[in-house]
Amino acid sequence: MSGPVLAFIEHAGGEPDRLSLEALALARGLAVSLAAPLEAIVLGSGAEAVAGRLGTFGAQAVHVAGAADFDAFAPAAWGAATRAAMESRQPAAVVAAGSERGNEVMAHVAARTGLPMAANVVSVSPGDGSGGAAGSWRLVRQRWAGSLLEDAALDAPTRLLTVAPHAVAIDPVASGAATPTILPFEPERDPADLIARVVKVEARTSSGVSLSDAKVVVGGGRGVGSAEGFGRLEELATALNGAVGGSRVVTSLGWRPHSDQIGQTGLRIAPDLYIACGISGAIQHIVGCKAAKQILAINTDPDSPIMAVADYAVIGDVATIVPAITAEIERRRGAP
Amino acid sequence: MNILVCVKRVPQTGGRIVLTADGQAIDTRFLGHTISPHEECGVEEAVQIVEKEGGSSTVLTLGPVEAEEQLRDAMAIGIERAVLLETDGSEWDPVSTAGAIAESIESQEAANAAFDLILFGNEAADTGDFQVGVRVAVALGRPIINGIKEIWLRDDRGAVFARREAPGGGWETYELPLPAILGVKEGLNLPRYPSVPGRLRAKKKEIERVALGGSPSGALGLGAGEDAAAAGASAVPGPTKLGLRLPAEEKTAAEVLGQGPDAASAVVDLFEKIGVVAR
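Order-wise, the sequence lines are chains A and B. Take 609 as the starting number for the first sequence in our numbering and just add one per residue. Take 25 as the starting number for the second sequence in our numbering and just add one per residue.
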């Protein structure tokens, strides 16, 4: 039997991170193919509570390092803790989210073990066909943030994978989920691994829902016309309890802060509804918004590339259409 | 302050990506090339720090002879020295790439001065491997943090502060003693455009060349993690590219709800239907 599949789980506020649960779903599929146990790694204060929630997603055992030293993000130290779990379990694979932190922690694991790492994987087929973990695994991973797919082979004693955001659905166990076995461990903390560590945190200054969590996102491109033009998008977002984002053009022009950028060099979002206003749809932007359940494009050009990924479209100028939509929402709300 | 910035030459994709007939690469016959976007900001940052602090700046790339173009772009905005680790144009996996870069940094530091700060892009735009900077940092035994959008030096110049976005919004700050390595992201600054005199100056500058040739597969002995090195083994290269393909297009034509502001009613009907506003 093959060694277990280990999933590295990020968490905040007592809840496992959404992208980590996506990674756990891929890890679970892999464990099933290998007939291997599915185990997780959770670090820091509150890890045990988070670990208890992972049974719902198929984890049979959770390695918990609850020391407060792991509370502040320190990628080398988090990587060292992961390596400590690997040494005791000899896993067939270690899987993390393709988040900023997940990719970084796994890169440290890879560098210190000398193992190869495949980032932003969307699917994996283990083994050489003999049903075991041996041989060269086949996988599909994203390049260009998902504009392009790579078929690749990965051969190593332990395969290190991160899972592309929004490529795999979170997969709760249908029924009868067991509480996972909690396996506490005390990884050694090398002071050198704690050098690159968060020393100060500043909370978000803007109120309202964050761009990565919003159920509705109103995105603006060059067609919005100016920084002031985004005021109309803000009003619509407020009416929908959503957040405003922008294309690379508008952050490069300084109309919006870079942290609002949706796309390859910015955020990848997965809201219920994305409203693309005056965005032509460069491939670098599309990869950031295509995980939205529904896309409504508002654009003067019915042939712009955004129309190829949009579910719905309104043709015309965002400067008049967006305020009309906001007014219509307010009118219906005000109606008796 | 001696600064090294590592960059990668990537095709300038705009609309649709077209692959070569064998599916092994992007067809770049009709495309220009650029420095990968995060690294463009690394180049600008290196120039700005040296303008303010004095010292020297160096740009390094691993790539084909054509990557000279990206080195000259960096020199055109003010980088002083350039190093090309010249390949035969074949794609190098991230383990091999990091090994060759780490070795080159060691030999440059032996010949010249140590680099106080080394900048990488957070990830290359094309392959998106998210690991070369970290592998180099581990090989050199220096601290690294990725995702950086703001850099400033401590008053005594003994450490660098670096800020990045926290998960879910807000900011987190790191303090790394020098020498250190940072993986930077777009948003760090707005890279300047090179001036004509800058371009002319860059054209005359020398580029230090190291011939690497094809990607090594198998026995490397370079960039090996310390655990592997202790075990007498070298780093395992990979993943191995088998081929590239475009993702399947699952969407059909968009349903047009209307033209101009008159479409507002149909739009809000849709919002009610999908449940983003209450009926």
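Hints should not be assumed to be uniformly reliable.
[What the hints assert, rightly or not] Below, simulated DSS-like cross-link-like pairs (lysine-lysine); rule was C-alpha separation at most 27 Å, straight line:
1. B/K297 to A/K901
2. A/K808 to B/K173
3. B/K76 to B/K173
4. A/K823 to B/K297
5. A/K898 to B/K228
6. A/K808 to A/K901
7. B/K228 to B/K76
8. B/K76 to B/K265
9. A/K898 to B/K227
10. B/K76 to B/K227
11. A/K898 to B/K76
12. A/K901 to A/K823
13. A/K808 to B/K76
[Claimed, not checked] One side only, chain A facing chain B, incomplete, derived with CB under 10 Å:
14. V640
15. P645
16. G687
17. N849
Everything labelled a hint here was simulated from the structure, so no lab data went into it. The beta-carbon is built from N, C-alpha and C at its ideal position, and this holds for glycine as well.
- Item | Structure versus earlier hints, numbers of those that do not hold, lowest first | Numbers 5, 6, 8, 9, 11, 14 and 15 - these are the hints that the structure violates, sorted from lowest upward.
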